Structures are given as structure tokens and as C-alpha cells.
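K.L.:
Put together the whole structure using the sequences plus the hints.
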Amino acid sequence: MSTPLPDGVEPVESSDPDFWHLRESYTFDRNVIAEIRRAANTGIYRIRGWGAKRHLPTLDDLVFLGASMSRYPLEGYREACGTDVVIGEGRAERPVHLKIPVTIAGMSFGSLSAQAKEALGRGASAAGTSTTTGDGGMTDEERQHSATLVYQYLPSRYGMNPDHLRVADAIEVVVGQGAKPGGGGMLLGQKITERVAEMRTLPEGIDQRSACRHPDWTGPDDLEIKIGELREITDWQVPIYVKVGAARPYYDTALAVKAGADAVVVDGMQGGTAATQDVFIEHVGIPTLAAIGESVRALRELGVHRREVKLIVAGGIRSGADVAKALALGADAASIGTAALIAIGDNDPAYEAEYQALGTSAGFWEDFQAGTDPAGITTQDPDLSARLDPVLAGRRLANYLQVLTIETQILARANGKSHVLNLEPEDLAALTVEAAAMAKVPLAGTGWVPGAG
Amino acid sequence: MTRRFDLAETTRRALNQALHDASGGESFEVANPRGAHAVACGITADIDVVVRGSVGYYCAGMHQRGRVLVEGNASTGLAENIMSGEVRITGNATMSAAATGCGGLVVVGGNAGARCGISMKGIDIVVGGNVGHMSAFMAQAGNLVVCGDAAADLGDSIYEAQIFVRGDVESLGADCVEKEMRPEHTETLRSLLAAAAPATGGAEVSQFRRYGSARRLYNFNIDDVDALETERDAREAVR
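Heads up: the sequence lines are chains A and B, in that order. According to the numbering used here, the first sequence is numbered sequentially starting from 4. According to the numbering used here, the second sequence is numbered sequentially starting from 5.
In case anyone wonders, no lab produced these hints; they're calculated from the structure. Remember, predicted model here, so these are calculated numbers, not experimental data. Where is the CB? At the ideal position from N, CA and C, for every residue including glycine. Some clues are possibly wrong.
Said to hold, decoys possible - Facing chain B, a subset of chain A residues (Cβ under 8 Å, in silico):
#	residue
1	Gly-46
2	Ile-47
3	Thr-204
4	Gly-231
5	Glu-232
6	Glu-235
P.N.:
What follows is the structure, given as C-alpha cells:
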């Protein structure tokens with residue numbers, strides 16, 4: 004992609020005083036220049052995996068206040084701090100019981116290798132939480148390795164099978180995802196192998212562009228009828244979630260509740276994808292931080308917050324701090340995708356030489372669409388996939404989920420909470436004016452919430 | 005013996021649960037559907053269901069086995085994602101009839117609305133009358149037979165599904181083209197018309213034209229100017 008330097012020409016070292024007069028354009032930096040050159044060469048927009056990479060307001064812009072004169076902390080290792088979450092109580096015969104407030108987001112077999120899906124299932128099951136299918140149907144292995152499996156119901160309906168619907172522990176109607184609210188899935192020819200093609204009823208090797216709208220319903224009134232049908236077909240056994248990309252979270256959440264959802268999944272723009280247009284990833288949707296409060300406001304106004312309808316927040320969740328802040332803002336659980344892939348080995352520095360051969364480097368790898376993942380995760384190549392040991396990778400994910408949970412508890416106890424869901428916005432302060440306005444918590448050291456009152 | 009459910013007196017839930025609990029061989033009759041949604045959806049046993057009257061959305065949705073007959077009209081998503089078995093209606097079906105169907109047969113006696121057979125994945129659909137715009141949109145596999153006319157953008161972005169139309173086609177969608185009717189297509193069409201009769205109104209194989217994918221949208225069109233330059237340089241170097 005990038006043109007190599009001609010023979011005998013050395014790259015300029017930024018530390019060399021002879022070149023200190025060089026000033027890189029902020030507007031046209033080297034990354035921008037490389038993208039213009041790439042576009043000019045190929046005539047096709049950039050397609051890549053991962054989520055938004057640019058700087059955004061994040062949950063890092065919030066801090067917990069902790070306990071003080073007027074708030075008692077809980078003893079870190081002695082006093083109980085619950086972490087369980089129940090979804091679908093009251094409406095579904097078999098509600099989903101999660102031991103931890105972190106779930107694994109939807110990622111398809113096809114975009115991920117069978118080994119990666121198995122690893123996610125093993126890790127999540129060991130930690131007591133759920134995994135989610137993706138755009139491409141449910142594999143038997145996936146069902147087998149996931150104690151709690153959420154079945155995604157997507158616009159493309161690839162591999163949609165009522166038998167799978169009935170063996171799922173919950174159904175997630177996907178309206179959109181954070182990486183591309185309003186965009187359909189993509190899976191490029193390199194990954195449409197025989198098995199993937201058969202599952203999706205597509206010709207092998209084509210560049211698959213999935214539908215972005217559901218084929219048989221439009222709008223919230225139809226969705227209510229659709230949810231009714233899904234409940235009838237599954238005899239009201241399992242909870243039904245509605246997943247939206249963070250676009251208009253207040254209205255989208257209210258409409259999902261009205262349509263009868265047991266849980267609303269709101270995915271911010273940092274949420275990952277296996278393959279999407281870069282322009283979509285970076286320029287459509289709002290940050291996770293900005294979405295949570297709006298969804299919670301809708302749930303509160305409808306009187307269902309922390310009651311009949313649960314809120315699951317996704318998009319750039321990395322640590323127990325992120326989880327705890329999302330819960331404090333009003334989410335019932337957080338969902339991880341990119342972080343889970345990293346935990347099982349994505350962007351592993353051990354493969355640096357191979358990343359370099361692909362024109363990238365560990366830590367920068369984002370070409371999930373290419374099917375050439377050295378770590379064997381975002382690929383259908385049997386040799387590459389075989390590199391991922393699903394048992395070991397599953398253990399890594401279980402460990403990571405445990406750390407997220409314990410970190411969340413540490414912060415909850417520090418704020419005197421005996422259950423992580425008792426965290427509240429009053430426990431938070433914002434470090435920037437933007438974060439204060441978006442999260443609707445006061446700027447640290449002030450009582451000021453921009454835009455309030 | 006036929007079990008009767010009067011939806012003026014019993015709930016949809018009771019009806020569907022009874023259908024789901026059936027083990028095969030039973031017959032059911034549904035009276036007074038009065039446009040109820042999701043009637044007779046999710047059937048898995050080899051049973052016969054007759055619905056006397058018009059139904060709402062998603063009638064016989066995700067049908068897997070047995071036969072459902074609707075004496076009336078159906079709203080959006082009739083037999084959506086049907087896997088196998090048969091669903092027939094005597095009247096009209098509105099939008100997205102047999103959407104994403106994977107197998108089996110859906111017969112619409114009257115007309116079907118917009119997006120009939122959208123994203124179909126292996127089902128056979130026979131429509132006695134006309135179909136609305138964007139029918140067989142992104143159709144992946146299976147056959148759509150239209151005994152009347154097809155509205156605009158038929159078969160837009162179609163994959164490997166086949167469309168047979170007896171009447172006029174207002175316009176073809178992106179990447180959909182008319183194709184030669186070879187003996188295997190004639191045979192497919194003949195058996196579908198026979199299976200769907202009498203809804204086909206005496207349509208004959210020779211009256212149909214076949215449409216399918218030009219396969220021009222299957223892969224992205226990616227240029228490589230750098231490679232062209234390298235090629236040219238190489239040619240010049242040889243010269």
C-alpha cells in the first residue's frame with residue numbers, strides 16, 4: 004500500500020536537528036496523506052475492522068468520588084459486594100441470570116474463526132456470563148461451549164433458523180451497532196469459505212454486503228409485532244433484547260421499551276466491527292459516554308429503569324473502571340467485544356514479525372476483513388485458526404472477566420455499595436466540561452452540570 | 005378429528021401453544037382470526053391448519069413442517085423465514101411475503117405486495133397475481149414464480165435465486181437481467197406451477213421469462229494504479 008523508499012534513500016529521523024524545521028500539517032498529517040494516496044490508487048473506500056480510533060470523550064473523563072466523611076466505604080475483602088444481573092424477569096419463563104455485569108458482544112462465526120468463538124464461549128461460561136452469536140447464524144460448537152448464549156436476529160437473517168431460536172437463552176433483535184448505526188454487515192470474499200457460504204446461503208468468495216434494514220418490519224410499531232411473533236415462536240420462554248447503535252439513545256431506548264424489549268443494548272461509536280467502511284466507523288454515531296445518560300433518562304421516565312427493562316452498554320469498554328462508571332450512570336451491565344478479542348490474543352506482540360510482513364504492527368492491526376489475522380482470530384484460514392488454542396484463550400478471557408468484575412467491585416466498595424448496581428451518578432464527577440455535559444454529572448470541584456436546569 | 009380454535013373466544017397464545025404441542029397428523033381449524041398477528045407461527049409438527057379469515061403480520065412465520073392454509077388475506081411477513089412445509093393463502097399478501105424463506109413452498113392466490121421474497125434463501129414462492137416493487141430484493145436462493153406482472157426494481161441486487169414472470173416487468177433492479185430459459189428451468193417451473201395449482205390460473209410454462217443475477221455486484225471493483233505503473237515501468241525496462 005505505502006510506496007517503499009527508492010534504493011539508497013533513508014527515512015528522515017525526527018531527532019536529527021537538520022530536520023527540525025520540518026512541520027507536519029495538522030490537517031494533512033501523514034495518516035491523511037496515506038489515505039488520500041490509497042484512495043487514489045484503488046478507487047475504493049477504506050474497509051477495516053475495529054471501532055472508532057480517533058480521540059473521543061470517554062469514561063476516562065469521569066472519576067469516582069469514593070467515600071469520605073458522609074459516605075462509608077465497605078471493607079475490600081470482607082464485606083459482600085454483589086455482581087449478579089437478571090434479565091427478563093416477569094415476562095420470560097427463563098430469565099437470563101448473569102453472575103457478573105459484563106457480557107460478550109455479538110461476533111459472528113465467519114468474521115471470527117471457530118476457535119475464537121469457542122474461546123469466547125469457554126471464557127464467558129467460566130466467568131458466569133453470556134456470549135452472543137453474530138451475523139451468520141449459530142454453530143453447534145458455539146451452543147455447546149456457551150452456557151448462556153444470546154441469539155442475534157439481524158437484518159440479513161443469514162443462517163436464521165427457528166431451531167436455534169428455541170435453543171437460545173435470549174434473543175437479541177439487532178437494529179444497529181455502534182460501529183455503523185444504519186449500516187449493514189460486511190464480510191469480504193477472503194472469509195466466505197465453503198462452510199461460511201453454506202451457513203449464509205451465499206456463493207463462495209463473494210464480497211458480502213448484508214442488508215441494513217430488517218426485511219419484514221419497519222419502525223417501532225412493527226417491531227412490537229415482531230417481538231410478539233418471536234415470543235410466540237419461543238413460547239415466551241426467553242428474554243428479548245433490542246440492540247441499537249448509539250444514535251438517538253433517548254428515543255431509541257423509549258421505542259425499544261414500547262416495542263416490548265426486556266433489555267436494551269446501546270452500543271457507542273467506539274464499538275468494534277469485523278469489517279465496515281472507515282468513514283462509517285469514524286463519523287456516524289455518538290460516543291458511549293454520551294449515550295448512557297440518555298438511555299437511562301428514557302428508562303427512568305417510563306418507570307422501568309433497574310426494573311422490567313435492563314440496559315446493557317457497549318462500545319470501548321476496557322476495564323473495571325469503565326464497567327463501574329457505566330453502571331454508575333445507570334447501565335445494568337456492560338458488554339465487551341474488542342477487549343474480549345484482545346484478551347484471547349488479538350494484536351499479540353508475539354506475532355510482530357508477521358504483522359510487519361502485512362504492513363502493520365502489533366497494536367495497530369485492524370484488517371479483520373482481510374482474513375489474514377496472524378493470531379488466528381479474525382480469519383477462516385485453517386492454518387491460522389489452528390494457532391489459537393481455544394482452551395488457553397478461554398482461560399485468558401475468564402481471567403480478564405474476573406479482573407473486570409473485581410475492579411468493578413473495588414470501585415463499588417470504595418463508594419460504599421454492597422452491590423455493583425447500587426452505584427449511582429452521585430458517585431461520579433467529570434474532568435472535562437464535555438464529559439460533564441454528556442454524562443450529566445458535575446464538573447469535578449463544582450456543582451455545575453452544563454445544560455442542566 | 006379436527007380441533008377448532010375460535011380466536012373470538014380463545015387467545016392466540018392458546019392456539020399457538022396447541023400447535024407447538026402437536027406431535028403430527030392432527031388437523032386444526034382457526035375461526036375468527038380477525039387480523040391477529042403471528043397466527044400459526046413456529047409450527048414444527050406435520051399438521052394441517054386451516055385459518056378461516058384474514059390474518060395480520062407474520063402468519064405461519066418460521067414455518068417448519070406441515071401445511072397452513074389461509075382463506076383470506078395476510079398482512080406483512082406471511083410465512084417469513086419458512087424452513088420447509090407449505091403455506092397457502094387464497095387472497096392477497098401485503099409486504100415481504102415469504103421474506104428470507106429457506107425452504108418449502110408459499111403460494112399466494114391473489115397479489116403479493118412490495119418486497120415479496122426479499123432475501124429469500126431457498127424457498128419456492130408462487131404468486132397467482134402480481135408482485136409489488138423490489139420483489140426478490142437481495143434474493144439469495146430459491147424460485148419466485150409470478151403469474152401476473154412484476155412492479156419496479158424486480159430482483160434488485162439478486163444473488164443465485166431465480167425469478168419467473170409471466171406478465172410484464174415494470175423494471176429490473178440493479179444487477180438483475182433476463183436469462184435464457186433452459187430445459188432445467190422449464191422443468192423447475194413446470195413442477196412449481198403444478199404444485200401451486202389452481203392458484204396459477206392455468207398459467208403455462210411457455211408464457212414465462214426467466215430473470216436472475218448478472219453477478220456484477222459479487223465483488224468490489226478495486227483498481228490498482230500502482231500496479232499498472234509498475235507494469236508499465238517493467239514493459240519499458242524490457243524495451
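K.L.:
All hints are to be evaluated individually against the structure, with a verdict given for each.
P.N.:
Hints versus structure:
The interface hint given for Gly-46/A holds, since its Cβ lies 4 Å from the closest Cβ of chain B, which is under the 8 Å cut-off. Hint on Ile-47/A holds. Least Cβ distance to chain B is approximately 5 Å, under the 8 Å limit. The closest approach between the C-beta of Thr-204/A and any C-beta of chain B is roughly 4 Å, which is under the 8 Å cut-off, so the hint is satisfied. With 8 Å as the threshold, the beta carbon of Gly-231/A comes within range of chain B, its nearest partner Cβ sitting at about 6 Å, so the hint holds.
The criterion of a C-beta within 8 Å of any C-beta in chain B is met by Glu-232/A, whose closest approach is roughly 4 Å, and the hint holds. The closest approach between the C-beta of Glu-235/A and any C-beta of chain B is roughly 5 Å, which is under the 8 Å cut-off, so the hint is satisfied.
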